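Asks: In order, the protein sequence lines correspond to chains A and B.
Convert by adding 1 to the 1-based position in the first sequence; the result is the number in the working numbering.
Convert by adding 51 to the 1-based position in the second sequence; the result is the number in the working numbering.
Do not take every clue at face value.
[Claimed, not checked] From chain B, some residues computed to sit far from chain A (all C-beta separations above 10 Å):
1. G73
2. A74
3. G98
4. T103
5. A169
6. E171
7. T191
8. Q192
9. E210
10. E231
11. A234
12. E240
13. M249
14. T287
[What the hints assert, rightly or not] Computed footprint of chain A on chain B; a stretch qualifies when at least three of its residues, placed anywhere within it, have a C-beta under 8 Å from a C-beta of chain A:
15. 152–166
16. 173–186
It should be emphasised that the hints constitute simulated quantities derived from the structure, not laboratory data.
Just so we're clear, the structure is a prediction, and the values are computed from it rather than from any experiment.
The C-beta atom is built at its ideal place from N, Cα and C for all residues, glycine as well.
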Amino acid sequence: MWFALGGLALLCLTPVVASLTGTPYLVNLVTRFAIYGLAAVSLDLVLGYGALVSFGHAMFFGLGGYVVAIIAFHAKQGSPLFGWGDSQQAFIAWPLALACCALLGLATGYLALRTRGVQFIMITLAFGQMVYFVLMSLQIYGGDDGLMMPQRNPLPGLDLKHPATFYYVCLALLAAWTFLCIRLVNSRFGLVLQGLRQSERRSVNLGVAPTPHRLIAFVLSATGTGLAGILWANFAGLVTPDMASWTKSGEFMAIVILGGVGTLLGPIAGAAVFLGLEQTLSAWTEHWMIVMGPLLVLVVLAGRNGLFGGWLRAGHD
Amino acid sequence: MIDVATTSPELLTVRDLRKAFGAVVATNGVHIGVRTGEIHALIGPNGAGKSTLIAQICGEQRPDSGQILLDGRDVTHTPAFARARLGLGRSFQITELFAEYTAADNVLLSLLLKTGRAFEAWGNPRSDARLVEQAMARLTQVGMAERANVRVGDLAHGEKRQLELAVALAREPRLLLLDEPMAGMGPEESARMTDQLMAIKGQYGMLLVEHDMDAVFTLADRITVLVYGKTIFTGTPGQVREHPEVRAAYLGDGAC
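Turn these sequences into a full structure, and let the hints guide you.
Replies: As structure tokens, then:
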């Protein structure tokens, strides 16, 4: 609880600190924390609570980003999608993108959930790669160069062009999503989902049909990851197929593991540590993975709690 | 004693069940009927096909042929989770519990699955006073109240066996499959488990698979003997004791 509130206060104050100390790039950095945190929380929902190791989650990140970028592209071409001039409004484009991610999650999840364990990892990886190559082959949308998103989706009453405003929108979405996820994992649904992870056999013999539970969690997770993708497209002003590549899926997974699997808040802190290290180490050497790799190995060797899981779990019990 | 075994309707009926794994015939013509309120024991030497039979009754494995009726309803092709919802509860030979949850949470989960609404995504069942109270009552029933907040992973073996029973009972099944509830228990723990089963006898139909013959002969109203995947005899404990084929096949001449 204190971890959450303290972290939130810290994240709220960052733009103020940035403007006081004259380090505006700090806002960019924390915006990336928030966006990656959103993706990490979503992945943790299936990875930590459902023990579903999805190695294809970047496909939702990519799809979310591409949908809003494609809508913006058509609007700019003077032929807005469905001939609808308002289509790039955030409250139209974002839910549309989220719906696309939920549908993709439903389809891939339905098929992937027929398998378990290593097969599940491989099949989600395969779906991720399919999406990646589809995005690569979309010549009209830039192929492997990706697609520019010249301006952020307008949101009435808020100027998203302003970095601090955009950051606060990201932060608010992260906080709201995390709150929802915490409620979810402590609800009846969440208890059953975690029960399935601990003993599927016992769950089934108590009357749980496993697939619907897991599929709902998977779709929710896909939607949250898609939201991160939408924000990323708006933040970076560019979407590329790399958003959906397997290395991106691996990055999300590394963040979750680093922060503490099955803790929700841990992965947010994990995102901050991961991106912070990436930032500082890559200023130092371009082979920053040489340091990050061993660090990840050490954290994993130390147990499944990651950097923050031990704390967070102690707080719960 | 009122003989429930001959007066009440059959809760579970197994008719001519057969299952083979390649050339190995694990179940080769099984007939069993468990009546309401009856403890029906299933005994047989190792490799007689008891585990395969239990797996088929609870729906984890499909028989090649034959019929399984639950309360008169054909469930031969019904999936395991749906059979559980129809009132079939079970304990496992090797403990199957939610290892990261506390004892209380294990029972709580069973309780909330009974009420359905497993998809509710709001509200915390752990702070639902009524549910918690019911869970505690179940734990008290098996003498585990003091261990309610201990994680299952930290419980002793005997305690896990007690908890298995509490979890199965919390779902309020009508038929209980007890797959070697005394497995791995010391004599004292076995005696306690026997007492507990005795205490709930009559409330459920129970199919008891057990190697502990003292327990079986104390508890069972009727006993079915399974040899090489085939049920060879069903009768009262007294009849089973006297049956020559059973003595030869299972009990051995020196037994009893």
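Asks: For every hint, state whether the structure bears it out.
Replies: Here is how each hint holds up against the structure:
{"no.": "1", "hint": "G73", "in the structure": "holds (24 Å)"}
{"no.": "2", "hint": "A74", "in the structure": "holds (28 Å)"}
{"no.": "3", "hint": "G98", "in the structure": "holds (22 Å)"}
{"no.": "4", "hint": "T103", "in the structure": "holds (15 Å)"}
{"no.": "5", "hint": "A169", "in the structure": "violated (5 Å)"}
{"no.": "6", "hint": "E171", "in the structure": "violated (4 Å)"}
{"no.": "7", "hint": "T191", "in the structure": "holds (20 Å)"}
{"no.": "8", "hint": "Q192", "in the structure": "holds (18 Å)"}
{"no.": "9", "hint": "E210", "in the structure": "holds (16 Å)"}
{"no.": "10", "hint": "E231", "in the structure": "holds (15 Å)"}
{"no.": "11", "hint": "A234", "in the structure": "holds (16 Å)"}
{"no.": "12", "hint": "E240", "in the structure": "holds (21 Å)"}
{"no.": "13", "hint": "M249", "in the structure": "holds (24 Å)"}
{"no.": "14", "hint": "T287", "in the structure": "holds (30 Å)"}
{"no.": "15", "hint": "152–166", "in the structure": "holds (count 8)"}
{"no.": "16", "hint": "173–186", "in the structure": "holds (count 5)"}
Going through the hint list in order, the structure does not satisfy hints 5 and 6.
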